[in-house]
Amino acid sequence: MAVCEIDSDLCVVGGGIAGICAALAAARGGLSVVLVQNRSLLGGNASSEIRQHIGGAGFQGHFPEAREAGIVGDLWSMLRRKCYRSNPNDYAESSVLFWDVCRRERNLRLFLNTQVLEVEKEGREIISICGLQGSTGKRFRFRAKQFADCSGDAVLAYLGGAKFLAGQEAREEFGESLAPPERSDFTMGNTILFQAEKLDCEVPAPDFEWIEDLRGREIWWTLHPPSAPMESGCWTFEYGGKLDTILDAEEIYEELLKIVYSAWADLKRRPECGMENYRISFLSAVPGKRESRRVIGDYILTQNDIVQTRRFEDDVLYAGWSLDLHNPDGFYGKTRPTTFYFFPEIHSVPLRCLYARDLDNLWLAGRDISVTHVALGGVRLMASCGLAGEAVGTAAVYFSKEGTCRGTSRNHIKSIQQDLLRNGGFIPGVRNQDPDDLARIAEVRATSEATLCTGEHSEWSPINDGVGIAFPVTAGKLETLTIWVKNESGSPSVLTARLQPLRTIRDFHPTEVLSEAQAVASAGVSTVEFALGANDLAEDIYMVHLFSERPDIHVSQTRSRVTGVHSADHFPHGPTNDPHGWGQELGMPNPPRWVRRFNPRRVTNPMDFHLTPRFAVHPASHCYRASNVKNGVNRPTRLPNLWASDPVDGLPQEISLHWGEPVLVEEVRLIFDADMDLAMPSREPVEVMAADYVIDVETEAGVRRLASVQANDRRMTVHSFAPVKTQALRISITRMNAGGSNARLCEIRCYGPQSRN
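Numbering (my numbering), first residue to last: 9 to 765.
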């Protein structure tokens with residue numbers, strides 16, 4: 009059969025989340041792109057045939073406002089709103105959504121069911137790759153100037169002869185405390201997932217002869233048996249960590265089938281699980297894979313980079329999932345299936361980890377990037393892989409100017425970073441410095457601005473061993489802090505407040521004490537004011553630790569979302585909410601004494617807010633200023649970085665840009681508050697997101713309407729129109745989603761005809 013020759017600017021191999029994001033980013037940047045996928049469905053572990061939910065930096069609740077944005081954020085939001093059914097794993101239509109998004113991209117061509125078999129090279133460059141399409145028998149030769157290996161197993165890098173890492177590195181190789189003393193071939197294993205449905209009749213347990221009676225095994229499953237219905241899962245059904253997850257894939261899948269059905273039969277036998285009427289309705293067609301090859305790039309990210317929060321000049325993405333290192337014994341292990349090693353801050357990943365050191369034109373994205381086994385424990389999460397894919401696709405646009413990935417990284421990193429931010433992304437420590445953004449030179453005005461306010465009383469909560477409140481201070485000083493308390497002791501009680509700087513948003517452990525004050529709480533309900541008298545405070549986030557001499561003091565709490573405010577509880581002997589002991593801290597006290605409050609229901613439900621102590625400060629904190637929309641940061645970090653109108657004034661509210669001289673504008677980009685503290689995108693638009701708004705400009709002929717939007721559900725919107733000369737542009741927000749009471753906006757950007765497309 010003749011070989012079909014396919015030419016493109018960029019050839020992406022691997023149709024998982026990383027590959028999809030890489031292909032979309034490059035295609036939207038103007039490149040002709042080919043996406044080659046060896047399965048009939050797109051999505052990788054998030055596909056309809058595996059159905060693992062997307063997770064990322066904010067999913068475990070340790071890092072506030074950390075959910076990923078950009079292309080992967082858009083895909084994630086679409087999944088939640090269009091494909092979600094009864095649980096966050098039920099993505100029966102996810103691959104159709106991915107396919108639809110890709111097929112509508114005019115610069116992108118899809119080749120499904122196509123397995124790459126051969127790589128053709130000239131020196132250090134890949135010239136072409138050859139593949140076979142199993143569904144048609146067609147043979148293809150894909151020629152491109154550059155390639156991206158998003159295959160997970162590093163297929164291109166391996167066939168191209170690039171050096172890679174596999175297994176567990178020894179502790180001394182990279183100085184990693186979590187690495188084993190000796191190098192081994194062990195990896196994290198594979199998993200197949202299931203979903204179950206309840207019928208109105210009893211369903212007998214499966215009786216395949218190869219099913220094992222687990223009651224005779226001393227393994228984690230039997231030592232810690234489930235006691236409730238299991239309708240989906242389970243990541244602990246893991247196997248293959250002591251085999252080769254590539255070469256032994258078929259053997260691993262067969263054993264995983266045995267594990268799933270043996271566990272299912274065991275569930276059926278347990279009356280406490282109530283599984284008599286359940287049947288398996290879905291089983292992964294292929295295993296979800298965690299680890300195989302990791303290609304060596306110009307930099308290898310390590311545990312120490314992550315725990316020490318090292319920033320690099322070529323940072324292009326961040327990650328925040330714990331160093332989640334699975335037991336290689338998997339399901340048959342006696343000890344816990346994994347340990348979550350947490351660290352103080354979200355960490356970044358440099359572009360040097362996203363291309364092969366030994367091949368000049370091979371980008372990397374996904375779980376095959378240049379990291380150690382320990383570092384892979386966190387960056388392998390799919391939302392992080394999606395950020396890597398978008399970074400690679402964005403960098404590929406600049407490749408033709410240099411001809412190598414290394415040269416592109418060295419000479420165009422600032423432009424790559426700015427493009428990622430321009431498209432809604434976030435890179436820790438990198439601000440918008442886009443010279444084409446006209447909003448940066450405009451004066452910002454708004455009809456009103458909110459000050460820091462913690463909302464109405466919801467319930468009383470005991471102060472116990474101490475409560476921490478973190479909040480922004482903008483006035484340069486903090487004279488007083490007022491709280492509302494209920495003293496049930498029957499007599500006055502002394503409370504203590506300590507003002508301290510905050511090292512990171514999740515590390516509430518005390519450092520220096522800036523100010524300390526005591527106040528008396530009368531019996532019953534009262535307000536308590538602490539005269540802190542702190543001066544010369546930089547505009548930043550600070551922590552107040554509250555302590556009581558008596559245990560029967562309660563603090564007024566609110567369930568209102570207060571952007572920029574975080575709270576924590578004090579545990580003198582460590583928290584008690586980790587019964588399995590699966591979590592450990594790195595770079596912080598272990599066990600932690602101060603633990604950030606996180607409501608686990610906020611994984612999926614935006615209305616389940618964290619309980620936050622109600623308080624007031626003097627002078628007021630003006631942390632929601634209109635000027636925040638052009639401060640270069642498009643989401644809350646240590647400061648809120650958004651404009652919020654005064655809720656007392658109601659809606660509509662306006663925010664406007666004013667230029668001293670007329671400017672020519674043809675594009676407006678807006679980033680709205682999408683509650684990035686929510687671990688997963690909400691199924692419905694959240695109350696902090698604008699629903700209806702209009703964009704107007706003032707021209708010599710009068711006011712001209714550029715856009716009118718109703719029922720907005722997107723974090724970032726882009727409005728393009730014929731160039732218009734103006735000295736003022738106005739956004740009027742007339743309605744918020746879900747009954748929100750005040751207007752909010754994170755960023756405004758404006759571009760003229762001279763800007764890059």
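In short, the hints are calculated from the structure, not lab data. In this text, all values refer to a predicted model and were calculated from it rather than measured experimentally. Please note that the accuracy of each hint is not assured.
[To be verified] Pairs of lysine to aspartate or glutamate residues, derived as EDC-like cross-links and limited to a Cα-Cα distance of at most 16 Å, are as follows:
#	residue 1	residue 2
1	LYS733	GLU708
2	LYS146	GLU226
3	LYS422	GLU321
4	LYS422	GLU410
5	LYS342	GLU226
6	LYS422	ASP444
7	LYS733	GLU692
8	LYS266	GLU321
9	LYS153	GLU13
10	LYS171	GLU226
11	LYS409	ASP17
12	LYS276	GLU190
13	LYS206	GLU284
14	LYS146	GLU13
15	LYS733	GLU675
16	LYS153	ASP15
Does the structure keep LYS422 and GLU321 at a Cα separation of 16 Å or less? holds, 9 Å
Does LYS422 pair with GLU410 here, judged by a C-alpha cut-off of 16 Å? holds, 15 Å
Straight-line alpha-carbon gap LYS733 to GLU692, limit 16 Å: Answer violated: LYS733 to GLU692 is near 37 Å, above 16 Å.
Does GLU13 sit within 16 Å of LYS153, going by the straight-line distance between their CA atoms? holds, 14 Å
Take the C-alpha atoms of LYS409 and ASP17, compute the straight-line distance between them, and say whether it is at most 16 Å. OK: LYS409 and ASP17 at ~13 Å, within 16 Å.
Keeping to a limit of 16 Å between CA atoms, is the pair of LYS146 and GLU226 held or broken? Roughly 50 Å between the alpha carbons, so the hint for LYS146 and GLU226 is violated.
With a cut-off of 16 Å on the C-alpha distance, tell me whether LYS153 and ASP15 pass. holds, 9 Å
Between the alpha carbons of LYS276 and GLU190, is the straight-line distance 16 Å or under? Given pair LYS276, GLU190 is violated - Cα atoms ~42 Å apart, limit 16 Å.
Next pair to validate is LYS171 with GLU226; report whether the Cα-Cα distance is within 16 Å. violated, 40 Å
If you draw a straight line from the CA of LYS733 to the CA of GLU708, is it 16 Å or shorter? holds, 8 Å
Would you check the hint for LYS342 and GLU226, treating anything up to 16 Å between C-alpha atoms as holding? Roughly 7 Å between the alpha carbons, so the hint for LYS342 and GLU226 holds.
Distance restraint between LYS733 and GLU675, which requires alpha-carbon spacing of 16 Å or less: Given pair LYS733, GLU675 holds - Cα atoms ~12 Å apart, limit 16 Å.
In terms of the numbered hints stated before, the structure departs from hints 2, 7, 8, 10, 12, listed from lowest to highest.
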